[in-house]
Amino acid sequence: EADIYQTPRYLVIGTGKKITLECSQTMGHDKMYWYQQDPGMELHLIHYSYGVNSTEKGDLSSESTVSRIRTEHFPLTLESARPSHTSQYLCASRDVGEGTEAFFGQGTRLTVV
Amino acid sequence: RKEVEQDPGPFNVPEGATVAFNCTYSNSASQSFFWYRQDCRKEPKLLMSVYSSGNEDGRFTAQLNRASQYISLLIRDSKLSDSATYLCVVKRVVNAGNNRKLIWGLGTSLAVNP
Numbered sequence: 001e002a003d004i005y006q007t008p009r010y011l012v013i014g015t016g017k018k019i020t021l022e023c024s025q026t027m028g029h030d031k032m033y034w035y036q037q038d039p040g041m042e043l044h045l046i047h048y049s050y051g052v053n054s055t056e057k058g059d060l061s062s063e064s065t066v067s068r069i070r071t072e073h074f075p076l077t078l079e080s081a082r083p084s085h086t087s088q089y090l091c092a093s094r095d096v097g098e099g100t101e102a103f104f105g106q107g108t109r110l111t112v113v
Numbered sequence: 001r002k003e004v005e006q007d008p009g010p011f012n013v014p015e016g017a018t019v020a021f022n023c024t025y026s027n028s029a030s031q032s033f034f035w036y037r038q039d040c041r042k043e044p045k046l047l048m049s050v051y052s053s054g055n056e057d058g059r060f061t062a063q064l065n066r067a068s069q070y071i072s073l074l075i076r077d078s079k080l081s082d083s084a085t086y087l088c089v090v091k092r093v094v095n096a097g098n099n100r101k102l103i104w105g106l107g108t109s110l111a112v113n114p
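Going line by line, the protein sequences match chains A and B.
Per the numbering used here, the first sequence starts with residue 1, numbered consecutively.
Per the numbering used here, the second sequence starts with residue 1, numbered consecutively.
Chain B on its own, in the form it takes in the complex (with noise of 0.2 Å):
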């Protein structure tokens, strides 16, 4: 089992829907949260980081529950422009050092059509 887990979709919406992603996460170490976007032979970049107390940017939503170790981001009246691959990224401590890892899930495909 990955630490990092996402459904790897593709998922297939209309223009203007409303659609989630989750993620779950398994070691309870993890200390801050992302969501990153990669178009397709693109490099990642950062969409949004995501809050204890979940944050709002634009029509992108992000959530956390650290009880049920699970983010999710939600995109609200979708755009063609949002199709892309949408990463999951936990940001945790490694062994007893103070040294931190970026743990990347596979990824979410989204494909928005008109």
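Chain A on its own, in the form it takes in the complex (with noise of 0.2 Å):
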């Protein structure tokens, strides 16, 4: 099993709140990925980061910000959620290196209402 894990892994909240969704991995990974993706659709990539420090916005984009302070930290925040934010959102790591694959964690599942 991976040892990757998000919290919560269901949140409903509220219009105009600020939520913050948390991603930590224990495997040591250096590359650390956020995507969101609705039911029977396809993985979209919003948020990626190759190490302590490094950010950048991925495929799609978000409204969306993340952080990068420790190498098995990967929050990312929403300042004023809007129903068009409901989603599922994934988080993933993956090792340096050819052939490595990227583990995920459970999502979170969001609806703002």
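If you are wondering where the hints come from, they were derived from the structure by calculation, not from laboratory data.
Owing to the predicted nature of the structure, the values given are computational and were not obtained by experimental measurement.
We put the beta carbon where it would ideally sit given N, CA and C, even for glycine.
Misleading hints may appear alongside valid ones.
[What the hints assert, rightly or not] Now the in silico label distances, taken between C-beta atoms and shown as ranges:
{"#": "1", "chain 1": "A", "residue 1": "Gly97", "chain 2": "B", "residue 2": "Asn12", "range": "34 to 40 Å"}
{"#": "2", "chain 1": "A", "residue 1": "Gly40", "chain 2": "B", "residue 2": "Glu3", "range": "18 to 24 Å"}
{"#": "3", "chain 1": "A", "residue 1": "Thr100", "chain 2": "B", "residue 2": "Glu3", "range": "15 to 21 Å"}
{"#": "4", "chain 1": "B", "residue 1": "Ala29", "chain 2": "A", "residue 2": "Thr15", "range": "40 to 46 Å"}
[Unchecked claim] The calculated DSSO-like cross-link candidates involving lysine-lysine, where the alpha carbons are at most 30 Å apart (straight line), are:
{"#": "5", "chain 1": "B", "residue 1": "Lys42", "chain 2": "B", "residue 2": "Lys79"}
{"#": "6", "chain 1": "A", "residue 1": "Lys18", "chain 2": "B", "residue 2": "Lys42"}
{"#": "7", "chain 1": "A", "residue 1": "Lys31", "chain 2": "B", "residue 2": "Lys79"}
{"#": "8", "chain 1": "B", "residue 1": "Lys101", "chain 2": "A", "residue 2": "Lys31"}
{"#": "9", "chain 1": "B", "residue 1": "Lys2", "chain 2": "A", "residue 2": "Lys31"}
{"#": "10", "chain 1": "A", "residue 1": "Lys31", "chain 2": "A", "residue 2": "Lys57"}
{"#": "11", "chain 1": "B", "residue 1": "Lys101", "chain 2": "A", "residue 2": "Lys57"}
{"#": "12", "chain 1": "B", "residue 1": "Lys2", "chain 2": "B", "residue 2": "Lys101"}
{"#": "13", "chain 1": "B", "residue 1": "Lys42", "chain 2": "B", "residue 2": "Lys101"}
{"#": "14", "chain 1": "B", "residue 1": "Lys45", "chain 2": "B", "residue 2": "Lys2"}
{"#": "15", "chain 1": "B", "residue 1": "Lys79", "chain 2": "A", "residue 2": "Lys57"}
{"#": "16", "chain 1": "B", "residue 1": "Lys45", "chain 2": "A", "residue 2": "Lys57"}
{"#": "17", "chain 1": "A", "residue 1": "Lys57", "chain 2": "B", "residue 2": "Lys42"}
{"#": "18", "chain 1": "A", "residue 1": "Lys18", "chain 2": "A", "residue 2": "Lys31"}
Make one complex out of these two single chains by using the hints.
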């Protein structure tokens, strides 16, 4: 089993609230990712990091922000949640090198009402 | 046209059937290839990496054709528990740097029926 954890698993929150989705991994991986996925739809990369103090925006524009102050921690923040942010957010990490697989957390299912 | 393309399906097959999924990629700088499995409302999990010589893991066989930029996954003697979405993933170099990027296909949905 992968040692990558996301909290909370489920979150229902009101419009306008600030939220932080947590992602932690204990594998020492430098590379971490946040994906957004709606039910039955494809994975969209919204943020990634190649190491501490490195963050980049992904392919899908997102109003969320991320930080990478520690190797093991890659939180995602929404300053003001809106119903359009309702989705599943999946965090992943992988080691450097050829052929290394990505390990996913169990995801956070966010509903903004 | 997407960089990694898969037939979305759904594939509906009876138990015991053999089913094959195809995936094509357009960027010749692609270096590593994977098949992931994603169950409904769950996170993707690695099913198998795909090696140039082809590889097999039990009922699953993966093949890579670099010349045609094509990857396949064959499932033999399919089980009910094989029902899931199968994601083709390609890793390639980003620009001229040393960084690599994972490119995900949309996935192929498989339903194995009793």
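Consistency of the hints with the structure:
no.: 1; hint: A:Gly97 <-> B:Asn12: 34 to 40 Å; in the structure: 39 Å, holds
no.: 2; hint: A:Gly40 <-> B:Glu3: 18 to 24 Å; in the structure: 21 Å, holds
no.: 3; hint: A:Thr100 <-> B:Glu3: 15 to 21 Å; in the structure: 20 Å, holds
no.: 4; hint: B:Ala29 <-> A:Thr15: 40 to 46 Å; in the structure: 43 Å, holds
no.: 5; hint: B:Lys42 <-> B:Lys79; in the structure: 19 Å, holds
no.: 6; hint: A:Lys18 <-> B:Lys42; in the structure: 25 Å, holds
no.: 7; hint: A:Lys31 <-> B:Lys79; in the structure: 35 Å, violated
no.: 8; hint: B:Lys101 <-> A:Lys31; in the structure: 10 Å, holds
no.: 9; hint: B:Lys2 <-> A:Lys31; in the structure: 24 Å, holds
no.: 10; hint: A:Lys31 <-> A:Lys57; in the structure: 14 Å, holds
no.: 11; hint: B:Lys101 <-> A:Lys57; in the structure: 13 Å, holds
no.: 12; hint: B:Lys2 <-> B:Lys101; in the structure: 15 Å, holds
no.: 13; hint: B:Lys42 <-> B:Lys101; in the structure: 22 Å, holds
no.: 14; hint: B:Lys45 <-> B:Lys2; in the structure: 22 Å, holds
no.: 15; hint: B:Lys79 <-> A:Lys57; in the structure: 39 Å, violated
no.: 16; hint: B:Lys45 <-> A:Lys57; in the structure: 23 Å, holds
no.: 17; hint: A:Lys57 <-> B:Lys42; in the structure: 24 Å, holds
no.: 18; hint: A:Lys18 <-> A:Lys31; in the structure: 26 Å, holds
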